[in-house]
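Trainee: From first to last, the protein sequence lines are chains A and B. Residue numbering for the first sequence is 1 to 305, as defined by the UniProt record's numbering. Residue numbering for the second sequence is 1 to 249, as defined by the UniProt record's numbering.
To be clear, the hints were calculated from the coordinates, so they are not data collected in a lab. Treat the hints with care, as some may be off.
DSSO-like, lysine-lysine: derived pairs with alpha carbons at most 27 Å apart [what the hints assert, rightly or not]: (1) Lys-9/B - Lys-201/A; (2) Lys-74/B - Lys-9/B; (3) Lys-201/A - Lys-115/B; (4) Lys-74/B - Lys-39/A; (5) Lys-188/B - Lys-115/B; (6) Lys-9/B - Lys-70/B; (7) Lys-201/A - Lys-21/B; (8) Lys-70/B - Lys-115/B; (9) Lys-74/B - Lys-115/B; (10) Lys-74/B - Lys-201/A; (11) Lys-9/B - Lys-150/A; (12) Lys-21/B - Lys-9/B; (13) Lys-74/B - Lys-188/B.
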Amino acid sequence: MSDTAMTRREWLLTDRPQSRMQARLGRTYLTWRRFTANKLAVIGLGIILLLLFVAATAPLLAPHSPYIGDLRNARLLPPSSTYWLGTDDQGRDILSRLIYGSRLTLQVIVLVAIIAAPIGLLVGTAAGYAGGWIDAVLMRITDIFLAFPKLVLALAFVAALGPGIENAIIAIALTSWPPYARIARAETLTVRNSDYISAVKLMGASPMRIVLRHIMPLCISSLIVRVTLDMAGIILTAAGLGFLGLGAQPPLPEWGAMIASGRRFILDQWWVAAAPGAAILIVSLGFNLLGDGLRDALDTRSGGQ
Amino acid sequence: MTPALAIDKLRVVYDDFIALKDVSLTVAQGESFGLVGESGSGKSTLLRAVAGLAPVTSGTIDVSGQRLGKTRDKAFYRQVQMVFQDPYGSLHPRQTVDRLLLEPLDIHGFADTEKRIQRALDEVGLGSGFRFRYSHQLSGGQRQRVAIARALILEPSILLLDEPTSALDASVQAEVLNLLEQVRRDRKLTFVMVSHDLGVITHMCERLMVMQSGEEVERLQAGDLATRNVAQDYTRNLLVASEGFVRGG
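Sequences and hints are given; from them, build the entire structure.
Mentor: Following this line, the structure appears as structure tokens:
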């Protein structure tokens, strides 16, 4: 508490901020308040934070090795006190594999988001702002990518580049940017002729500066929402590629690949496939809830006032 | 003396629509020139063409004796600035006042930004308490003051005013007009002001041009409007319309 008897909350919510930092923090706090008003979104955030925590501390959390199993004594054991989620056909602890697998899942998600979202944002805003033939060329390329079914195109890429988790990530990233480009372009078109962009133009700003500093910040919130909602789809595509044997290769504990290997015993030893399936379900759900909450919190139209 | 702004046979065509038909005018330095007309008469298009926001099909524009090309350079924007009609649409929704005012200084490479922002806010009568507010935390009049501060911060010699007060209510309108009058006196600015409000134009401008569907109707001195010394029927109709609704006897 400061000596002016201002609570921290009042300091954040003041309509007369004294510094750039205070204005920014105040705005962030308001967004946070809108976000936390949605209980389901907070649950989603909790799931994602849990995923991050598990991935970060995997060696400490995992009770057994994710790669080396006890082939003689522990094949396909049902859940018990030693093996909480049972063991797979190689005698490996499924819980440990799930915990290590969270790292792969995070890796896929983060890399895809880092690659696809900026490409989409750049293509979309450039096309929307430039207009004319640049717009036409960029959008036709986007259309071509959109016309392919995602998984099929990813399959083609993996077939060309060879199976493996890195190639799966590249393939998913290359197939997931077109929707982002579309969104960014649509947002750009709504603001490009607005007076505030004209005003910046009248300041003598270059087109590059206008796009990067004035248009992109307006597109980013809807893009974040869309990327978050797509995370579930990305996880499923990665799992799908893993399931088809084109993503992560054995013995990597990728969740999709784990389901694929458990498929053979699904009737007698259901836990082998059910555990990674549940993990995928929970994480996907977490991202969907988070995305939904972010949509409400970041919406400029309802959130401006 | 070279005129601040000289426009010769300016034509603006959007696809098939001729927004401006060969309009010519000259504005002397330090003068305040008004453009009057109904919606769609091309008066805003004229301003936007000067600012480089509307495509010039033919004709020429000279600013302080310098012929303008297809693209405007940074030096031009140091000379000519514009205030837009709608204060709710002319401020970036995600930027603080501080950021809005910093941007032009940053683009033109000014060093003493802190001082200039402070001075710009003082000049338009907004204290530093407004500096880190977002535009949605401001009223319409305050927003228009910020827009004026932004236009003035580059110290232009010509200010284009596109109905700067029509979106504001009457009392705030007067405040903003007085502010504009004052900065014009203090800085010896040249104004080109668009309005459909004849009262505002008579108050602010020495000379004015009446426009209709992209063409000049007639040119008047401000006094002519008050004494009703007008030649064209269209202007007469505008005058009658500006007096508002009169109850029939």
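Trainee: Between Lys-9/B and Lys-201/A, does the CA-CA distance stay at or below 27 Å?
Mentor: Since the Cα atoms of Lys-9/B and Lys-201/A sit roughly 25 Å apart, the hinted pair holds (cutoff 27 Å).
Trainee: With a cut-off of 27 Å on the C-alpha distance, tell me whether Lys-74/B and Lys-188/B pass.
Mentor: holds, 21 Å
Trainee: Can you confirm whether the C-alpha distance between Lys-74/B and Lys-201/A stays at or below 27 Å?
Mentor: Given pair Lys-74/B, Lys-201/A holds - Cα atoms ~10 Å apart, limit 27 Å.
Trainee: Against the 27 Å threshold, does the CA-CA distance of Lys-74/B and Lys-9/B hold or violate the hint?
Mentor: OK: Lys-74/B and Lys-9/B at ~25 Å, within 27 Å.
Trainee: With the threshold set at 27 Å, check whether the alpha-carbon distance from Lys-21/B to Lys-9/B stays at or below it.
Mentor: With Cα atoms ~8 Å apart, Lys-21/B and Lys-9/B stay inside 27 Å; holds.
Trainee: Just to be careful, I want the Cα atoms of Lys-201/A and Lys-21/B compared with a cutoff of 27 Å; is the pair within it?
Mentor: holds, 25 Å
Trainee: Are the Cα atoms of Lys-74/B and Lys-115/B separated by 27 Å or less?
Mentor: holds, 22 Å
Trainee: Next pair to validate is Lys-74/B with Lys-39/A; report whether the Cα-Cα distance is within 27 Å.
Mentor: violated, 51 Å
Trainee: Taking 27 Å as the top limit, are the C-alpha atoms of Lys-201/A and Lys-115/B close enough?
Mentor: holds, 24 Å
Trainee: Would the pair Lys-9/B and Lys-150/A pass a check requiring their Cα atoms to be no farther apart than 27 Å?
Mentor: violated, 56 Å
Trainee: Given the hinted pair Lys-9/B and Lys-70/B, is their alpha-carbon gap at most 27 Å?
Mentor: Holds, because 16 Å separates the two Cα atoms, which is no more than 27 Å.
Trainee: Are the Cα atoms of Lys-70/B and Lys-115/B separated by 27 Å or less?
Mentor: Not satisfied, since the Cα-Cα distance of roughly 34 Å exceeds 27 Å.
When the structure is compared with the earlier hints, violations turn up for hints 4, 8, 11 and for no others.
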